[in-house]
Amino acid sequence: MTITVLTPTNQPVQTAFEMAPRPASLKGLTLGLIDNGKRNSDYLVKSIGRRLKERFGLQTEIHVKKPSPSHAISEDAARELAEKAQLILAGIGD
Amino acid sequence: MKQALVSESIEFEDPDQAMETFFRKGWTDGLPVVPPTEEKVLRFLGAAGLASGDILGAIPERNRVFTAEKVAINAVMAGCLPEYFPVVVAAVRAISRPEFGLHGVSASTAGAGLLMVVNGPICRELAMNDGQNLMAPGNRANATIGRAVRLVLYNLGGREFDRTTLGHPGKYTFCISEQESEWEPLHVMRGLTPETSAVTVFASEGPNQIQNHSALKPESILNTIADRMRALGSFNMGGDVEFALIICPEHYQTLIKEVWTKRDVQVYLHGHACRPVADLKRGGLDETPIVPEDKEKWVHAVADPSRILVIMAGGVAGRFSACMPGWFNRHMSHAVTEPIAQFCAGGT
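Residue numbers (this note's numbering), protein chains in the order written: chain C, 22 to 115; chain G, 75 to 422.
Hints are computed from structural coordinates only; laboratory data are not their basis.
None of the values given here were measured: they were computed from a predicted structure.
It is possible that part of the hints are untrue.
Result set (DSS-like, lysine-lysine): computed pairs, CA atoms no more than 27 Å apart in a straight line [unchecked claim]:
id: 1; chain 1: C; residue 1: K59; chain 2: G; residue 2: K291
id: 2; chain 1: C; residue 1: K59; chain 2: C; residue 2: K105
id: 3; chain 1: C; residue 1: K74; chain 2: C; residue 2: K59
id: 4; chain 1: C; residue 1: K87; chain 2: C; residue 2: K59
id: 5; chain 1: C; residue 1: K67; chain 2: C; residue 2: K87
id: 6; chain 1: G; residue 1: K114; chain 2: C; residue 2: K59
Here are some of the chain C residues that sit facing chain G, going by a computed Cβ distance under 8 Å [unchecked claim]:
id: 7; residue: L27
id: 8; residue: T51
id: 9; residue: T81
id: 10; residue: H92
id: 11; residue: S95
id: 12; residue: A98
Built from N, CA and C at the ideal position, the CB exists for glycine as well.
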């Protein structure tokens with residue numbers, strides 16, 4: 022006798038979004054740095070930001086700190102990044 | 075009218091073939107599951123008065139949503155009965171609250187389990203275990219409710235996110251109920267009425283058993299517990315983390331005889347579960363050099379007495395309590411208590 026069952030998994034909800042155009046040069050652009058709050062992550066992202074700035078002539082940086090590594094950045098912080106930064110560095114692990 | 079379900083259905087020659095496919099696709103926790111048929115899933119939704127598309131929770135950081143239909147499928151698979159489903163629903167709602175921080179809890183290398191403590195009249199209705207063999211196999215409600223929530227996390231939250239180094243057996247299932255006693259139940263301490271049924275979820279290390287068969291005084295029992303609570307290797311030393319504590323009936327009897335309340339227990343343990351900063355430095359929790367005043371500065375396992383969740387449960391024989399250190403820090407996750415909505419078919 023056959024049996025019909027239902028699949029127990031789902032997929033991520035797809036949200037429509039557009040990627041920012043890839044800049045031809047980083048010169049004069051603003052870099053967004055997202056610190057996830059893990060130990061020394063502030064030191065690491067700032068160091069990387071400084072190096073990128075020196076090497077590629079970025080104009081400035083915006084620092085955003087997540088409320089905790091478990092949570093996403095706030096709506097306000099996301100809006101600020103979207104408005105002011107042309108590229109963003111995120112994704113810090115242990 | 076029968077509800078329409080949206081999940082893809084698959085036909086198999088027999089239940090064995092279905093089971094093997096579920097194993098192969100990584101849809102189980104490594105143990106056999108009950109094949110989730112449409113009829114069973116509909117019965118679960120009916121028991122909780124839910125529509126298939128109702129959203130019970132989500133992990134927004136992963137764009138993952140928990141619909142009632144998908145949660146019911148996983149509850150069927152876990153071996154739940156339909157009447158358990160309202161508890162599973164409440165637990166899924168609880169872990170989805172932002173303050174529980176489910177994304178971190180379920181991805182962290184620390185491998186927290188989801189401790190669920192059920193309180194209120196529903197415990198008796200479902201014949202949940204609050205006694206002997208409390209955290210061990212044997213009771214269907216305890217075992218399958220806890221397992222259902224873990225399957226939800228794996229199948230709907232995305233098992234690929236779980237980066238646990240070791241984990242612990244409580245990640246299969248970790249659901250208990252609290253005994254009724256002269257003490258205030260956990261859900262009442264957390265603001266609900268005694269008549270309300272509720273589930274409290276807590277991101278938890280595995281249980282640390284604490285034996286003390288000789289102590290005649292409450293303070294002596296609690297000193298033993300405090301000693302276990304201040305272990306250097308937990309997140310509790312040096313961070314603001316909650317702590318769950320199960321007091322066994324024999325230890326409870328010694329405490330209640332001397333009229334110790336849960337609050338008294340919390341205050342005493344908060345004061346005594348501590349160690350000097352020098353100890354933390356010896357363990358490298360702080361790598362700065364030890365200075366003389368470090369021997370006089372004290373760090374507490376919990377920042378405030380209310381951060382200890384005190385639960386009375388376990389077998390009547392044996393003076394074994396247990397404590398469960400919390401996960402990472404309270405700002406990333408803290409315990410959530412959620413009322414269980416019970417639905418009466420045909421009622422108002």
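Right, here's what the structure says about each hint:
Proposed proximity of K59/C and K291/G is contradicted: the alpha carbons are some 43 Å apart, above 27 Å. Of the supplied pair hints, the one linking K59/C and K105/C holds, its CA atoms being roughly 25 Å apart against a limit of 27 Å. Distance check on the hinted pair: K74/C and K59/C sit about 23 Å apart at the alpha-carbon level, within 27 Å; holds. This hinted pair checks out: K87/C and K59/C have alpha carbons roughly 10 Å apart, not beyond 27 Å.
Of the supplied pair hints, the one linking K67/C and K87/C holds, its CA atoms being roughly 15 Å apart against a limit of 27 Å. Taken as a hint, the K114/G and K59/C pair is broken in the structure, with Cα atoms around 44 Å apart against an allowance of 27 Å. Checking L27/C against chain G by beta carbon gives a least distance of about 4 Å; that is within 8 Å, so the hint holds. About 25 Å separates the beta-carbon of T51/C from the nearest beta-carbon of chain G, more than 8 Å, and the hint is not met.
The beta carbon of T81/C comes no nearer than 28 Å to any beta carbon in chain G, farther than 8 Å, and the hint placing it at the interface is violated. Using the Cβ-Cβ criterion of 8 Å, the hint placing H92/C at the interface with chain G is satisfied: the shortest such distance is roughly 6 Å. Interface hint status for S95/C: violated, as the beta-carbon distance to the closest one in chain G is roughly 11 Å, over 8 Å. For A98/C, the suggested interface contact is broken, since its CB lies about 14 Å from the closest CB of chain G, more than 8 Å.
Checked against the numbered hints above, the structure breaks hints 1, 6, 8, 9, 11 and 12 and satisfies the rest.
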